[in-house]
Amino acid sequence: MKWHMNQQKHPFNRPAELVLWKQFLSGDTLAFESLMSSHFQVLFHYGSKFSKDREFVKDCIQDLFLILWERRGNLNAEVAVKPYLMASLRRLMNRSGHPKTGLPDAVSTDEQGVFEIEFSVEEEYIEQESIRVTTQRFKKLLDELPKRQKEVIYLKFFQEMDRNQISEVMDISPQTVSNLLQIAIRQLKVYWKVELLTLLLVHFYS
Amino acid sequence: MNQNQYRSYKTGDFVWNPFFRQWVLTPTRQTDLFWNQWLQENPDFLDRIQEARVIVLSLQVKEAPLSTDEIDEVVKSTVSKINQPTAHSFPERIRRPLPVYQRNWFQVAASLSLLLLAAWLTHAYYRSNPLPTLFDTALAITKNQKASWTEIANTTSRPLLVHLADGSAVTLAPASRISCAKNFLTAKREVYLTGEAFFDVTKDPAHPFFVYANGLVAKVLGTSFTIKAYESSREVIVEVTSGRVSVFAQADPKARQKSITRELEGVVLSPNQKIVYETDEVRMRKTLVEKPALLTAAVPPSFHFEDKPVSEVFATLEKAYGVAIIYDKDLMMDCPLTASLDSMPLYNQLTIICKAVEASYELVDGQIIIHSKGCKTN
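Protein sequence lines, in the order shown, are assigned to chains A and B.
Residue 26 is where the first sequence starts when you use this note's numbering, and the numbers rise one by one after that.
Residue 8 is where the second sequence starts when you use this note's numbering, and the numbers rise one by one after that.
Mixed in with the good hints, there may be bad ones.
For lysine to any residue, the following SDA-like pairs were computed, each having C-alpha atoms within a straight-line distance of at most 25 Å [as the list claims (entries may be wrong)]: (1) A:K165 with B:L66; (2) B:K83 with A:I92; (3) B:K210 with A:V146; (4) B:K17 with A:I92; (5) B:K69 with A:I92; (6) A:K214 with B:E325; (7) B:K69 with A:I142; (8) A:K164 with B:A305; (9) A:K214 with B:K83; (10) A:K164 with A:F183; (11) B:K69 with A:R188; (12) B:K69 with A:L213; (13) A:K214 with B:W45.
Selected chain A positions facing chain B (Cβ under 7 Å, derived; list incomplete) [as the list claims (entries may be wrong)]: (14) S62; (15) F69; (16) F90; (17) L93; (18) F140; (19) E143; (20) S145; (21) E147; (22) Y150; (23) F163; (24) D187; (25) I210; (26) Q212; (27) K214.
Hints in this document: simulated from the structure, not taken from any laboratory.
Ideal placement from N, C-alpha and C gives every residue a C-beta, glycine not left out.
Please model the complete structure; the sequences and the hints are all you need to start from.
See below:
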């Protein structure tokens, strides 16, 4: 069990972030600047899943921080900073509509919202042809997942978030997060087994 | 946690296991230890683990490129907006016509603008009359208006993680402080350190990262390392964890030249090497860190040797720790070795090898020198 308690990448990440957050809430512009710089990239990457218009995404992040600055007196001092920022950006972008994707505001609810993510296979890590084939198959399985499952997988495995944080970001219940994750992972693994079986059979009969 | 659960794992189970991914993507001493040990106990899983590792590493999310200049530009413009609050400061894009149901929001916005003006006046007042910070915080950002440098000091008893604007992370030890220019992203990446800190520097070959510490300059292109430069101590120690760091004295007449070029010059340190710079002697001693760590490798190295030529054994160690081992190849050609040296530190491994082949070793200039009189051939 002790291995799993040390899962956080930087054990003191949260306290330091939280200190920065509190300084920002107290009106410190340097803390504000530092908070924005250090989270800009992750927010930009996340925001780009909802719109391909990079200027629009950057504008939304700027708006987000301007709004946070103006509301800093009413914000909660004890938050998980990164999930909170991602959740706020997601809400803001949904509310602002998606000019380049042509979706009218009313339609962009969570059920039909945009989440465009592109998985890639970085060939430089791969030496063996058989692993290349396997990895491509993994990518295909990811590509075939429905949007919401993709988003859950992205937050869980590529942003290393836990169930509660994902629930906050996507504005759904923790139970729904678990369900979505379970379905997605089962899908990824079931297909894996079937494909492997097919491969073996093909191999056997050829 | 039952470690045997992994014995039922297929490649896909490993690929989507958070603990496994964490080891592959951001390994730590503990996770390295756990998985290396697990692999030793389950050697039949070596292929599967290796395959899963490669898949985790190569399967990525394609992200739109974003330059630090771009980030800097938006951050700057945002900061300038909050510094000059007027009625127009409220996000302009949101002021564009929006559906009726959101109009209430704008009434709130209007009143917020008024509040904001008041807040700004209060803020201006506080700025002219500095008050003690409202929060009893660990992180004290103070402003040095003269040089426009930002200083971060760790006044707590625990390490403090600081994110720099370029994405680099600095873990500041207690009673240590760093300062960097406010326009860190546009100017050279330069940090002044007093005390001890671990740096994890974001790769950016076009913008070398400099640490100035008590007369010593460390220049890196993207790597992780520790610097100890306490004011009370007469020496500065640099220990490299990954990548390469070039170190030179600030007093070095060629220091300027060395800092300008993109190449690493001066004394170049590789992983597991450290340098001790004695400030009053202007002398640098390069040596190895106290406990050289295994480099991260796709396949954990095996230190089990059966009747292997000693050259092969040394080659394995060199590769595993990224250190140089110097020995007389001709002299030691006939020295075979049978030993199981798994899970022990490098220096113990060397002691055992040297005992077996009747040699001795010493550390010179960050390298391992083996002294041998050759092996008896009968």
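A:Q212 as an interface hint toward chain B, with CB separation required under 7 Å:
violated, 11 Å
Check whether the Cα positions of A:K214 and B:W45 lie no farther apart than 25 Å.
holds, 23 Å
Does A:K214 pair with B:K83 here, judged by a C-alpha cut-off of 25 Å?
Violated, at roughly 46 Å.
Can A:I210 be said to touch chain B, with a Cβ gap under 7 Å?
holds, 6 Å
Supplied contact hint for A:F90, tested at 7 Å Cβ to chain B
Holds, about 5 Å.
With chain B as the partner, please determine if A:Y150 meets the hint condition of a C-beta pair closer than 7 Å.
holds, 4 Å
Would the hint on A:D187 stand, with a C-beta cut-off of 7 Å toward chain B?
With Cβ-Cβ at 9 Å, over 7 Å, it is violated.
Please verify that hint: A:S145, Cβ, nearest Cβ of chain B, below 7 Å or not.
Hint on A:S145: holds, closest Cβ of chain B at ~4 Å, below 7 Å.
Is B:K17 within 25 Å of A:I92, Cα to Cα?
Violated, because 47 Å separates the two Cα atoms, which is more than 25 Å.
A:E147 as an interface hint toward chain B, with CB separation required under 7 Å:
Holds, about 5 Å.
Given the proposed pairing of A:K165 with B:L66, does the C-alpha separation stay at or below 25 Å?
holds, 11 Å
Given the hinted pair A:K164 and B:A305, is their alpha-carbon gap at most 25 Å?
Between A:K164 and B:A305 the Cα gap is close to 21 Å, so the pair holds against 25 Å.
In terms of the numbered hints stated before, the structure departs from hints 4, 5, 6, 9, 17, 18, 24 and 26, listed from lowest to highest.
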